[in-house]
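Q: Those protein sequence lines, which keep their order, are chains A and B.
Just so you know, we're using the numbering used here here: the first sequence kicks off at 1 and counts up by one.
Just so you know, we're using the numbering used here here: the second sequence kicks off at 1 and counts up by one.
If you are wondering where the hints come from, they were derived from the structure by calculation, not from laboratory data.
Capping the alpha-carbon separation at 30 Å, the derived lysine-lysine pairs in DSSO-like fashion look like this:
no., chain 1, residue 1, chain 2, residue 2
1, A, K150, A, K130
2, A, K187, A, K126
3, B, K40, B, K17
4, A, K187, B, K17
5, A, K187, B, K73
6, B, K187, A, K40
7, B, K40, B, K55
8, A, K130, B, K126
9, B, K130, B, K150
10, A, K73, A, K17
11, A, K55, B, K55
12, A, K55, B, K17
13, B, K130, A, K126
14, B, K73, B, K17
15, A, K55, B, K187
16, A, K126, A, K150
17, B, K187, A, K73
18, A, K187, B, K55
19, A, K55, A, K73
20, B, K126, A, K126
21, B, K40, A, K17
There are 2 protein chains.
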Amino acid sequence: MFCLPPKSKHIPQATIKRLATYVQVLEGLARDNVDVVASKVLAEACGVQGAQLRKDLAYFGEFGIRGVGYQVKNLIHAITSSLGVDHEWPLVLMGVGNLGKAMINHIGYHAHGFRIQAIFDSDPFKIGEKVHGFCVLPPEQIQDIVALYKISIGIITTPPERTQNAAECFVEAGISAILNFSSVRIKVPEYVHVQYVDFFRHLYSLVFDLVREQTQAIMNDEGEG
Amino acid sequence: MFCLPPKSKHIPQATIKRLATYVQVLEGLARDNVDVVASKVLAEACGVQGAQLRKDLAYFGEFGIRGVGYQVKNLIHAITSSLGVDHEWPLVLMGVGNLGKAMINHIGYHAHGFRIQAIFDSDPFKIGEKVHGFCVLPPEQIQDIVALYKISIGIITTPPERTQNAAECFVEAGISAILNFSSVRIKVPEYVHVQYVDFFRHLYSLVFDLVREQTQAIMNDEGEG
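Next up, chain A with everything else stripped away, as it sits in the complex:
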């Protein structure tokens, strides 16, 4: 059981997502034995404005030492404990195709507060296969694994046509938070939290930025003409 410090209860979603970046960058600094990092340097490494960084970190109290910077390890601990990722969350994953394999490799036994506990696929030809040290299990075993390891979070990396089915398997087994890599929207009970990793959203943003620039360039040309 975890308890959030009162101030952090109302942290906006956008801040939470930036905090994930800060933790990853800070962990990189810790690995390189950096003890203290200047606010400006940290902001730049994270790709945000300095003011944004300071505002985001203010949710967790006072960590910066004026004129010096942030103490890397203290800051990691403060953020991860406030967010509940100072211990490892076990995950289950359904769908061991290329995307699933990439995720298993990426998270594996330990990454930024998470670890894969078990992987599943409904394809009988995949069951029993070893993937980065994990054995592919049949969906019938999800319920037992989820109960045994008290797992709350499931990752879906199936093809679109199997996404809804995977979500239902997870929910029946007791999963209450789903990370869905498929662009297919899933129907789950209201108490289940869902996050979509939809890279088309990012491609659309890029295209929009490019088109906006072109439009601006045309308008400038016309203004000069």
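Fit chain B to the given chain A structure using the hints.
A: Just chain B now, with coordinates in the frame of chain A:
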């Protein structure tokens, strides 16, 4: 060359990202031969509130027919043409591991306004390999391909240690927009647009939701005790 309608110039990033979801859902409806969709049904399928959907779509003019709904094909055309994805954008991809293969399979020759033009890897053992119909090319060929097909967007799916190098290859070749699947922040000139697909951000959001619920439950118990 494209030109945005004046009203759509100031569309917020968050709206653009939701529009990507709307287009994918609408394209699914079009495939199922649905001509008209009620605002409420569309909002639900996209996982947003009805008011949010109407507000987002208002940037593109008046498409809804009161009491009837949105005309699916007209709405797809309006959104995609405003965003500049009514024609296909060719992409290059660097890093043909599991994640790269998943993306090549997902986008391939045609998906939601994008198509893969060429794929690259710096591993000499991978060069020449066929992946979902594409031949893996060496990074030395990026420049020619980008110039020949007038490509603006590059996708990076390399391991973290090769991410910065991939970004530099792209920028030197003339790429001005990068979709980066690695959690490593890249350093590129200011004119280059970068979007990060960082699924840890989504995992953090899920954990935060779960912990917030637990905290709330504990506080309720204490209130009753």
